[in-house]
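**Student:** Single-letter residue listing:
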Amino acid sequence: MAFWIASSPHNHNHTKTPNLMRLVMYATLPGVIAQWYFFGWGNLIHIGLAMATALICEFTVLSLRKKPISHELFDGSALLTALLIGICLPALAPWWISVIGTMFAIVIVKQLYGGLGHNPFNPAMAGYVVLLVSFPLQMTLWQPPLTLVAVDLNFTNTLTTILTGFTVEGYSVEQVRTSIDGFTMATPLDTLKTNTGLGLTVLESIKNPVFGDNFALGWEWVNAGFLLGGLFLIAKKAIAWQTPISFLISLFICSFISYSLSPDSSASTMFHWFSGATMLGAFFILTDPVTGATSNKGRIIVGLLAGLLVYLIRTSGGFPDGVAFAILLCNMSAPLIDQYTRPRTYGHLKGDK
Amino acid sequence: MSNEIAPQNSDETDIADNANDLAIAAAAHKAERKAEYKELAVQGLWKNNPGLVQLLGLCPLLAVTSTVTNALGLGLATMLVLICSNITVSAIRHWVPKEIRIPIFVLIIAAFVTCVQLLMNAFAYGIYQSLGIFLPLIVTNCAIIGRAEAYASKNPVKQSAFDGLMMGLGFAIILLLLGAIREILGQGTLFDGANLLFGEWASVLRVEVMQLDSQFLLAILPPGAFIAMGILIALKNAIDNYLKARKVVDTEQVIERVRVNFDS
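Quick mapping for you: the protein sequence lines, in order, are chains V and R.
For the first sequence, our numbering gives the first residue as 862, with consecutive numbering after it.
For the second sequence, our numbering gives the first residue as 173, with consecutive numbering after it.
Honestly, the hints are just simulated from the structure, not real lab data.
It cannot be assumed that every hint is accurate.
Derived CB-CB ranges, DEER-like [as the list claims (entries may be wrong)]:
hint, chain 1, residue 1, chain 2, residue 2, range
1, V, 1119, R, 385, 55 to 65 Å
2, R, 412, V, 928, 40 to 50 Å
3, V, 1085, R, 377, 14 to 24 Å
4, R, 272, V, 957, 50 to 60 Å
5, V, 913, R, 408, 43 to 53 Å
6, R, 297, V, 924, 27 to 37 Å
7, R, 412, V, 978, 48 to 58 Å
8, V, 926, R, 225, 36 to 46 Å
9, R, 231, V, 1013, 49 to 59 Å
10, R, 348, V, 928, 29 to 39 Å
11, R, 318, V, 1169, 35 to 45 Å
12, V, 924, R, 408, 39 to 49 Å
13, V, 926, R, 395, 47 to 57 Å
14, V, 1119, R, 225, 46 to 56 Å
It should be emphasised that the depicted structure is a prediction, and the values quoted were computed from it without experimental measurement.
The C-beta atom is built at its ideal place from N, Cα and C for all residues, glycine as well.
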C-alpha cells in the first residue's frame, strides 16, 4: 500500500476553470435580467450571437494551434468573454457588430497571445474598444429604456432591427431611438456630457426623461443587478474584494470632490456609481484574474487607478463612458504594479530581496 | 591560372589550353556573378526583406499604407532613393573617410530625397499631398542608410545598384500588400485615388471589392497596420518553417540510403 504524498499547501480547493467561469456567468444574471426588463431583447440577442461566434472562432483557432479542443473549448472562458461583449453592446447595434467584436476578442486578443492565461488585455474590453474606435456611429446607437420608446419593441421587432436595421413595421433605428416629442435620446452619461458642454447645469439636464426619478432610468437597476451579482461572487470568494471596493471608493472620492466644489457642473457621486458600466466593470471585468494585478496591495492600486481614469474620461475625455479604456490602461500597468507590490515572503525581513 | 603551371610541350596545345581555360574561367566567373545576383535578389525579396525581416522603416510602412495608391507612391519613391543612394555611396566608397561616413551617407540620401520630393511635387501633386510629411521622412528610413552602410560602402557599383533595386522592391511589395489588406478591410476598395499618382486615366483602376455600410476604421488607423503587419510576419515565418521541415525530411532520406550502402 502506498500513500499519496503531496507537498503543501494541503487545502482542498477543487475550483476548476469551467466551474469558476460558470459561477461568474450565473452572477451576471441579475444584471442581464434587469437589462432585459428595461431595454428589451436586444442584449440577449447580441449575447446569443456573440456566444455562437466565440465558439466557432475558438474551435477554429484551437484546431489550427493543435490544442485539446474538447478540453479548452468548453472551459467557459470564451463564452464568458462573449457574454460580457453582448452585455456591453448597444441593444440595437447591427448583428455584425457583435460578430466582429467577438472575433477580434477571441482570435487576436486572446488566442494570438497564447490563449487563456496569457492574454495581457481583457478580451471582452479590447473587443469592445475596437468596435468603439472602428464603428463610432453604430456603437452609439443606444436605445432608451422601453418605457420611453414609442415603438413596441417585442422580440421579433428587436431581432429584425438587429438583422436588417428596420422593425417589422418599417421603423428605422433612428426612429426607434427618437422620443414622441422628436428628440433623439442618448444614455444619461451622454446626455449629461452634451448638456454640460452646452452650458446647462446638472439640475437642468436631469429633467430629461432618460434620468428617471433617481439617477438614470433603467441603468440604475442594471447596475444594481451587477452589484448584487458581484457581492455574490465576493461571498463565494470567486473574486477578490480589494479591486471592486477600491475602484468604487476611488470613483466616489473623485466625484465627491468635484461635486462639492461645483455641484452645478458635475454629477452626483451616486450618478457615477449607478450609470454606465460602473458596476459591470468593477465586479466582472477589473477582477479578471488573468489581466488584473495579483497581489492584494497591487489590486488596491489598480482599483484606485481605474476609478480615477474612469472619472477623468467621463468628465473631460472624448467619450461619455470610459470604463473600457480605463480597464485596458490598468491591464497595461498591472504587471508593473505587481512588480513593485510583491508581498513579503514568509521568513524574510522587510526590504529583504 | 592553370596556364602558368601547364607543361609547355607545344605552343599549339598551350594556346588551345589557354583559350579553354579562359573560357572556363569566364564561365565560372559568369556563374559566380549570376549566383551573386541571385543571392542579392533572394536576400532583398525574401530572406532579408527590409519590411518583414529587418523591420526597418516601420514608421512610413505603418503610417501611409492605408491605401494601395499611397503605398505604391511611397514604395516607388523609396526604391528610387535607395537605388540612387546605393550607386553614389558605392561609387565614392574609396574616397570617404571611415570616421565621417555616416554624415556623408545622410547628406547623399537627403539630396536624393529632396530630388524625389521636388519631382513628386511637380508631377504628382495629389500623391505628394496625401503622403505629406512621410515623403521627406524617407531620409530617416533606416532601410536606406542600412543598405548604404552594410552593402553599398563595400561593394562595386553594379552590385550595389542591383541590391538597391531588390531591397527597394522587397520594401515596396510589403507596402503594397499591407496597403491592399488595409484598403479592402477598411473601405472595401482597391486602387482608390490611383489618379493622384498616375493621372486622370487611372481613375478607372478603382475596384470596388465589397460594399461596406461604414468604414472599418481600425484597419485604416495605425493599430490596424500593426496587426496586419504582425500577421504578415507570422505568415512569412510559417512558410519558412514549413520549407525547413520539408528540407529536414529530405536529408533524413539521404541518411537512410547511406546506411543501406554501409550494411551491404
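**Student:** Among all the numbered hints in the text so far, which are the ones the structure does not match?
**Tutor:** Going through the list in order, the structure violates hints 1, 2, 3, 5, 6, 7, 8, 12, 13 and respects the others.
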